[in-house]
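K.L.:
Sequence:
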Amino acid sequence: MEFLPTFTQHRPIHLLDDSHYPTLLSALTSCLSKRLQIFIIFVKSILIIQYNISVLRNFNEKAHFSTLGCVRDIVLIVEDYNEKNDHTHTGGYSTPYLVAFLKELVSSLTIGLSESLVELSLADSDVHSIWSLADHTTNDSLLTAINGIPFRHQKDNLDISGIVNYVSRDAFSIRSGDRPSVPNTVVIFVDHRARPSTSRTGQVNGVDYGAQHNVHLASGNVIIINIGPPDHSDVTKISVLATDASHVLTVADYAALSGIKETLVNLICN
Numbered sequence: 000m001e002f003l004p005t006f007t008q009h010r011p012i013h014l015l016d017d018s019h020y021p022t023l024l025s026a027l028t029s030c031l032s033k034r035l036q037i038f039i040i041f042v043k044s045i046l047i048i049q050y051n052i053s054v055l056r057n058f059n060e061k062a063h064f065s066t067l068g069c070v071r072d073i074v075l076i077v078e079d080y081n082e083k084n085d086h087t088h089t090g091g092y093s094t095p096y097l098v099a100f101l102k103e104l105v106s107s108l109t110i111g112l113s114e115s116l117v118e119l120s121l122a123d124s125d126v127h128s129i130w131s132l133a134d135h136t137t138n139d140s141l142l143t144a145i146n147g148i149p150f151r152h153q154k155d156n157l158d159i160s161g162i163v164n165y166v167s168r169d170a171f172s173i174r175s176g177d178r179p180s181v182p183n184t185v186v187i188f189v190d191h192r193a194r195p196s197t198s199r200t201g202q203v204n205g206v207d208y209g210a211q212h213n214v215h216l217a218s219g220n221v222i223i224i225n226i227g228p229p230d231h232s233d234v235t236k237i238s239v240l241a242t243d244a245s246h247v248l249t250v251a252d253y254a255a256l257s258g259i260k261e262t263l264v265n266l267i268c269n
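Here the sequence shown is numbered in numbering that gives the first Met the number 0, starting from 0 and rising by one per residue.
There could be a bad hint or two in this list.
What the hints assert, rightly or not - Computed list of lysine-lysine pairs in DSSO-like fashion (alpha-carbon distance at most 30 Å, straight line):
id	residue 1	residue 2
1	Lys-236	Lys-260
2	Lys-102	Lys-260
3	Lys-236	Lys-102
Keep in mind the hints are simulated off the structure, nothing from the lab. Just so we're clear, the structure is a prediction, and the values are computed from it rather than from any experiment.
Use the sequences and the hints to build the structure in full.
P.N.:
Spelled out as structure tokens, the structure:
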């Protein structure tokens, strides 16, 4: 049998003529338009993400000094240095600078029963409480109290042992308004001109390991602020009570206190 080639029938090929160009152009334009819209949306999304990252980065940098969520029981111990012989300001030249700084510090915190609370004591040859944690529960009340701090300026001596005993036994008691679930912070302002109390052998009292241990049991956040040149270098030994070296701040004089406010707030809250 002879096989003859078979021919299959193919569909005719239709070539585009001029009449199809508008339709094709419209389709291409529509396709490109959709893709362009998608591209624009994509670019906008990238820009929004970059903006949000920038905002978050700035927020985190500012949060370094933010007191948002800072709930602390804070005990301030201020050395009541004797300045009766100082003629530059009635009651001592340090007083107005110290009061102004304490007001700046308190204004940086949110004060309240469910927020931070602040206690203040003055120290020289002994420690005397001016107000407890529970006495002032608003910023306004606390600022008014700071304006009326009864500085005595009686002694040149600083009883470091008395400070240790006060912090470890009395400062964070239920009677003073301590809240067991709230972290404790201690800030001690030390005038370098003071003479620390010493033992019969000449050793500074209150800076041994036992004293450090007792203070750190009461608070895991102890900050020492040294003010002025160390006329009596032994007073610098109180710095061993600080949590660590980063919790020891030093300023040249009382006027320079405002320069450490943000650092101090950061140490208190973080």
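K.L.:
Quick one, are Lys-102 and Lys-260 close enough, alpha carbons at most 30 Å?
P.N.:
Satisfied, since the Cα-Cα distance of roughly 11 Å is no more than 30 Å.
K.L.:
Does Lys-102 sit within 30 Å of Lys-236, going by the straight-line distance between their CA atoms?
P.N.:
28 Å, holds
K.L.:
Next pair to validate is Lys-236 with Lys-260; report whether the Cα-Cα distance is within 30 Å.
P.N.:
23 Å, holds
The structure shown violates none of the earlier numbered hints.
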